[in-house]
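K.L.:
Below, each chain spelled out in residue letters.
Number of protein chains: 2
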Amino acid sequence: MGFRTRILGAAAGGGLPQWNCGCGNCRRARAGAIAAQTQSSLAVTANGRDWAILNASPDIRVQLAACPALAPTGPREVPLRAVLVTNGDIDHVAGLLTLREMQPFKLYATAGIHEVIAANPIFAALKSDMVRREAVALEAAFEIVPGLRATLFPVPGKVPLYLEGEVVETRAMGEQTVGVRLDAGGLTAFYVPGCAALTGALAARVEGADLVFFDGTLWTDDEMIRLGLGRKTGGRMGHMAMSGPEGSIAAFAPLRIGRKVFVHMNNTNPVLDPGSPERAEAEAAGWIIGQDGMEITP
Amino acid sequence: MGFRTRILGAAAGGGLPQWNCGCGNCRRARAGAIAAQTQSSLAVTANGRDWAILNASPDIRVQLAACPALAPTGPREVPLRAVLVTNGDIDHVAGLLTLREMQPFKLYATAGIHEVIAANPIFAALKSDMVRREAVALEAAFEIVPGLRATLFPVPGKVPLYLEGEVVETRAMGEQTVGVRLDAGGLTAFYVPGCAALTGALAARVEGADLVFFDGTLWTDDEMIRLGLGRKTGGRMGHMAMSGPEGSIAAFAPLRIGRKVFVHMNNTNPVLDPGSPERAEAEAAGWIIGQDGMEITP
Numbered sequence: 001m002g003f004r005t006r007i008l009g010a011a012a013g014g015g016l017p018q019w020n021c022g023c024g025n026c027r028r029a030r031a032g033a034i035a036a037q038t039q040s041s042l043a044v045t046a047n048g049r050d051w052a053i054l055n056a057s058p059d060i061r062v063q064l065a066a067c068p069a070l071a072p073t074g075p076r077e078v079p080l081r082a083v084l085v086t087n088g089d090i091d092h093v094a095g096l097l098t099l100r101e102m103q104p105f106k107l108y109a110t111a112g113i114h115e116v117i118a119a120n121p122i123f124a125a126l127k128s129d130m131v132r133r134e135a136v137a138l139e140a141a142f143e144i145v146p147g148l149r150a151t152l153f154p155v156p157g158k159v160p161l162y163l164e165g166e167v168v169e170t171r172a173m174g175e176q177t178v179g180v181r182l183d184a185g186g187l188t189a190f191y192v193p194g195c196a197a198l199t200g201a202l203a204a205r206v207e208g209a210d211l212v213f214f215d216g217t218l219w220t221d222d223e224m225i226r227l228g229l230g231r232k233t234g235g236r237m238g239h240m241a242m243s244g245p246e247g248s249i250a251a252f253a254p255l256r257i258g259r260k261v262f263v264h265m266n267n268t269n270p271v272l273d274p275g276s277p278e279r280a281e282a283e284a285a286g287w288i289i290g291q292d293g294m295e296i297t298p
Numbered sequence: 001m002g003f004r005t006r007i008l009g010a011a012a013g014g015g016l017p018q019w020n021c022g023c024g025n026c027r028r029a030r031a032g033a034i035a036a037q038t039q040s041s042l043a044v045t046a047n048g049r050d051w052a053i054l055n056a057s058p059d060i061r062v063q064l065a066a067c068p069a070l071a072p073t074g075p076r077e078v079p080l081r082a083v084l085v086t087n088g089d090i091d092h093v094a095g096l097l098t099l100r101e102m103q104p105f106k107l108y109a110t111a112g113i114h115e116v117i118a119a120n121p122i123f124a125a126l127k128s129d130m131v132r133r134e135a136v137a138l139e140a141a142f143e144i145v146p147g148l149r150a151t152l153f154p155v156p157g158k159v160p161l162y163l164e165g166e167v168v169e170t171r172a173m174g175e176q177t178v179g180v181r182l183d184a185g186g187l188t189a190f191y192v193p194g195c196a197a198l199t200g201a202l203a204a205r206v207e208g209a210d211l212v213f214f215d216g217t218l219w220t221d222d223e224m225i226r227l228g229l230g231r232k233t234g235g236r237m238g239h240m241a242m243s244g245p246e247g248s249i250a251a252f253a254p255l256r257i258g259r260k261v262f263v264h265m266n267n268t269n270p271v272l273d274p275g276s277p278e279r280a281e282a283e284a285a286g287w288i289i290g291q292d293g294m295e296i297t298p
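Protein chains in written order, with the working numbering: chain U, 1 to 298; chain S, 1 to 298.
Think of the hints as simulated: they come from the structure by calculation, not from any bench.
For each residue, glycine too, the CB sits at the ideal point set by N, CA and C.
Some clues are possibly wrong.
[What the hints assert, rightly or not] Taking CB as the label site, the calculated pair distances span: (1) U:Gly200 with S:Glu134: 50 to 58 Å; (2) U:Ala124 with S:Ala33: 30 to 38 Å; (3) S:Gly186 with U:Arg132: 50 to 58 Å; (4) S:Thr199 with U:Lys127: 25 to 33 Å; (5) S:Thr297 with U:Ala140: 56 to 64 Å; (6) S:Arg256 with U:Glu295: 50 to 58 Å; (7) U:Leu138 with S:Ile296: 30 to 38 Å; (8) U:Pro104 with S:Ala66: 43 to 51 Å.
[Said to hold, decoys possible] Calculated pairs, BS3-like style, for lysine-lysine (alpha carbon to alpha carbon, straight line, at most 27 Å): (9) U:Lys106 with S:Lys232; (10) S:Lys106 with S:Lys127; (11) U:Lys127 with S:Lys232; (12) S:Lys106 with U:Lys232; (13) S:Lys232 with U:Lys232.
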């Protein structure tokens, strides 16, 4: 007995199509030529009855409506027991506002991320007598849902964009950006939707895992700039690219991992187009390109 | 030359289906037996090129993806020029977080509502050099998009749920809950998605309008309580019901209005089911039940 995972949303912030984007992928998604993808979220369960959601995306309402396993089982009964957020980015916390309907669950995050959320009065919509906010220490395993243990650990990253000051540390290690280790029935998975670099320590941590979901934001570090859609590199945004000698595909190549799945793809990433050579290259390197609704069991 | 309106979302907060709701309407919507509806928002234009959105719902990404008239016209060009919010409720402001992608537009609201938004650091995602926040005085007309004038006016209502204290004034008149009058080419429309009572002054204001969109949250004041889904009346939530001697259908009956459209329907409202006797009753009284994607021109 292990656990089940379901990708609720495979895209990065903005989704595919992104509301204001006329790039090739967004135009093809609007035309129905490639599959639309909602924003970054993963659902997990060990027993099939009690679910946790890792990251609450702005698209959570449509994501849940498309997921029969998470549909209400009574007038106000749902299988959702816990929500965990891995950073304070809008694509990972805005969906909490949708979960406001007087429904009890536990909200797990580091103390640092809880502070970011609590600084906003609007999140009082999650009433304290309904939603218990649990501060989780780094490296301390806890049972997120029955039969499934979770452990948070720091990964190189940065504060949310809306909190950036004049100087931004893009590879900070601390409570602002974390990954999640999941353990059940002797199987191990990792969920790391945002990561600026695969450090040696991080590589050693994931080595031997049965399943890894990893940051697939960009194909190349300067993708947004070359397309004329932004002024920032992936590194500046706190994300390592997939391709190139410094990329995640190269970094993971020597590691023994059961299955490797890219998630959190930006709308500009060519791998979102099933016909692209980049998609073929990533798949040839042993990666699965995550898709909305995909269920992957380690 | 008048103007065009498009209902982006016809449902109240939570939408249809609501994520945690197993009521009859939500079950039927999940099964595809009745149409799903997204949350409260109206798009308006006078020239067909420059659009304003009245209320930014959490569903705005899927709403815009379903609306060709608002699709990007270039890599980062969109026809959206302005967003106006009529209160600080989550179903009306959370979508602002989705509009964060470095896109210029004007954000119109009363000073009181701007204060509610600005108290949340997360809305700094709308960068001040991109999104100009314009405080609009009550009763002062302004050009919201070329050729279309808008005027805000107070309607009986309350502060957002997440700001409620121990004592709540549910029919307060001020800057926290407003309606919008729209004027173009000699035609007049009103948009009032939340309203606790049709006062004499409000009735006199809308008298003779070509088009009115009005608060259709509940069919009966005790609807949530009777269904076992809540402890609050419509009145307590700041919404007048459709039916009964105190309801909006009765209140509007003596008024001369070109077209009357209910919007902001809660998922429990029986009019959302096209086969319901309540729907027939509302339509017999001259009301249109708003639906996602419906375009209505005064």
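K.L.:
Could you work out which earlier hints the structure fails to respect and list their numbers in ascending sequence?
P.N.:
7, 8 and 13
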